[in-house]
Amino acid sequence: MRKTIQLSKWLLAAVLLMLTASGCGPDFGNKSRKAAAIEKIEKIKSEKQIGLVEYEVSKIVKAQDARFFKLKKRAIICACKAYLKAGIDLSGLNPMTDIVIDPDETMITLTLPKPTLLSLNMPINEVDVLYEKATLSKGFTVTDLNELLRQGEDQIRKSVPELGILKDAELNARLFFEPLFRHLGFTTVVVLFKEDETKA
Amino acid sequence: MNITTQAMKALLVNVLLALATAAAVFIAIGGGWAVAKYTGILPLKKTKKALTIDNTPITVEQVKTIGELVTASFYDETVVIVKQKREVLKKGSKKGKDTTITRIVRIPEKEATGQDELVLVQNAHARIGIDLASLSKDDLRINKSAKAIEIKLPDVKCLDFIMNPTDTDVFSEKGTWDLDQLKLAMAPARQEIEYKMNKDTMLFKKARKGAEDVITQLLSSAGYETVKVVFASAKNAELKLPPVEQ
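As given, the protein sequences belong to chains A and B, one line each in that order.
If you count the first sequence from 1, position 21 lands on 21 in the numbering used here, and the numbers rise without skipping.
If you count the second sequence from 1, position 120 lands on 1120 in the numbering used here, and the numbers rise without skipping.
Hints may contain errors.
With a cut-off of at most 30 Å between alpha-carbon atoms, the simulated DSSO-like pairs for lysine-lysine come out as follows [claimed, not checked]:
1. B:LYS1240 <-> B:LYS1152
2. A:LYS194 <-> B:LYS1064
3. A:LYS194 <-> A:LYS167
4. A:LYS114 <-> B:LYS1205
5. B:LYS1137 <-> A:LYS158
6. A:LYS48 <-> B:LYS1152
7. A:LYS48 <-> B:LYS1205
8. A:LYS43 <-> A:LYS158
9. B:LYS1205 <-> A:LYS43
10. B:LYS1174 <-> A:LYS133
11. A:LYS158 <-> B:LYS1085
12. B:LYS1064 <-> A:LYS81
13. B:LYS1137 <-> B:LYS1206
14. A:LYS48 <-> B:LYS1137
15. B:LYS1196 <-> A:LYS43
16. B:LYS1085 <-> A:LYS138
17. A:LYS72 <-> B:LYS1174
If you're looking for bench data, these hints aren't it; they were derived computationally from the structure.
Let the sequences and hints guide you as you build the complete structure.
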């Protein structure tokens, strides 16, 4: 019997030791990593951008999950809208090298930076919850909702290269600069983009 | 008989001890896990499956050609604290269902705690510049022989005011809140940041200066030696050169 009691004691001690040793101490490394990332944002910043095209897009944000042996279920479907603007960031334009006028001053060649997404606006007032269901669950909190919308915003941002907005911005840049420089007295206006330089 | 009873007793004691050991192990593991979860010393939350949205298509509803010269941007953040309580208007139940009618009453921020509370850290971003689409041909005067050009620009304005979900940080949420209440909570944050932005004369001054610099640089690069940029809102906004002949 004594042996059994001793065995039990040892077993208990071993379990407690295991729990203590399994990383219950504070995670100093993690804390230092968290402290390292401090973002610096200027309140007022100078920009040099020409917005050339605006896309109004819509997206359905849907999510569902089940917890506690799939007994606690919840599902949500939201409709949201976003406004994307694309154009040229002129800070990448060097007037000395990127604007070239021929000697007789009739032809101008403009080599612009490639169009980029300048802004994405996803107003909360244009988000609607179309469907929401919760079984044995509290449902979606505002924190959850915001997280889902963040993911929706992220998906829209990542889809920009496939949306065609950058191609449209390129086309509109030509439509914007060609008449402008013709109006300024040039008979031939060539608008190129930085990547096109090799092709030209 | 005695031997059998003793053996039975020993067996019972052993079984009881085994059960006690199992219970002790269970309590130790459970207790340890609970303590670790409560104190947050173990990254237990990371094992929880994150809520993710499904991949859905993005529909392009409208495409608009614009011409906007953005020369300054403004960033700001504010904290919104909203407290509310549910006031019972009519209490009742029908066929086991709760038919109580309540209404949500906003209460001042500094009133007693223990109510529904929502704390947001709200960031916003505004883009300031000129809507070039409103420029007319009469706003541009050219004297080619003198290599002189004058342009009258519309005044700078806020072209975009952006408060995206990634700009919203729900710092604390106590009680029951929904999307409509979140929208209501965010409205004063927008008002406050817009007010600060409109009050910031430096911002609009910087945006005007930026627009003047960009236009001057562009026109100078096109060969014009004298470039004059005026804003329609300025007192002496008249252009001296004659209008361009059509």
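We went through each hint and held it up to the structure:
1. B:LYS1240 <-> B:LYS1152: Satisfied, since the Cα-Cα distance of roughly 11 Å is no more than 30 Å.
2. A:LYS194 <-> B:LYS1064: Between LYS194 (chain A) and LYS1064 (chain B) the Cα gap is close to 25 Å, so the pair holds against 30 Å.
3. A:LYS194 <-> A:LYS167: 14 Å, holds
4. A:LYS114 <-> B:LYS1205: Cα-Cα ~29 Å, so holds.
5. B:LYS1137 <-> A:LYS158: 39 Å, violated
6. A:LYS48 <-> B:LYS1152: 19 Å, holds
7. A:LYS48 <-> B:LYS1205: Between LYS48 (chain A) and LYS1205 (chain B) the Cα gap is close to 15 Å, so the pair holds against 30 Å.
8. A:LYS43 <-> A:LYS158: With a Cα-Cα distance of about 26 Å, the restraint between LYS43 (chain A) and LYS158 (chain A) holds, given a limit of 30 Å.
9. B:LYS1205 <-> A:LYS43: 14 Å, holds
10. B:LYS1174 <-> A:LYS133: 21 Å, holds
11. A:LYS158 <-> B:LYS1085: 40 Å, violated
12. B:LYS1064 <-> A:LYS81: Status holds; Cα separation ~15 Å.
13. B:LYS1137 <-> B:LYS1206: OK: LYS1137 (chain B) and LYS1206 (chain B) at ~26 Å, within 30 Å.
14. A:LYS48 <-> B:LYS1137: 23 Å, holds
15. B:LYS1196 <-> A:LYS43: Holds, at about 11 Å.
16. B:LYS1085 <-> A:LYS138: 18 Å, holds
17. A:LYS72 <-> B:LYS1174: 21 Å, holds
Of the hints listed earlier, those the structure fails to meet are numbers 5, 11, in rising order.
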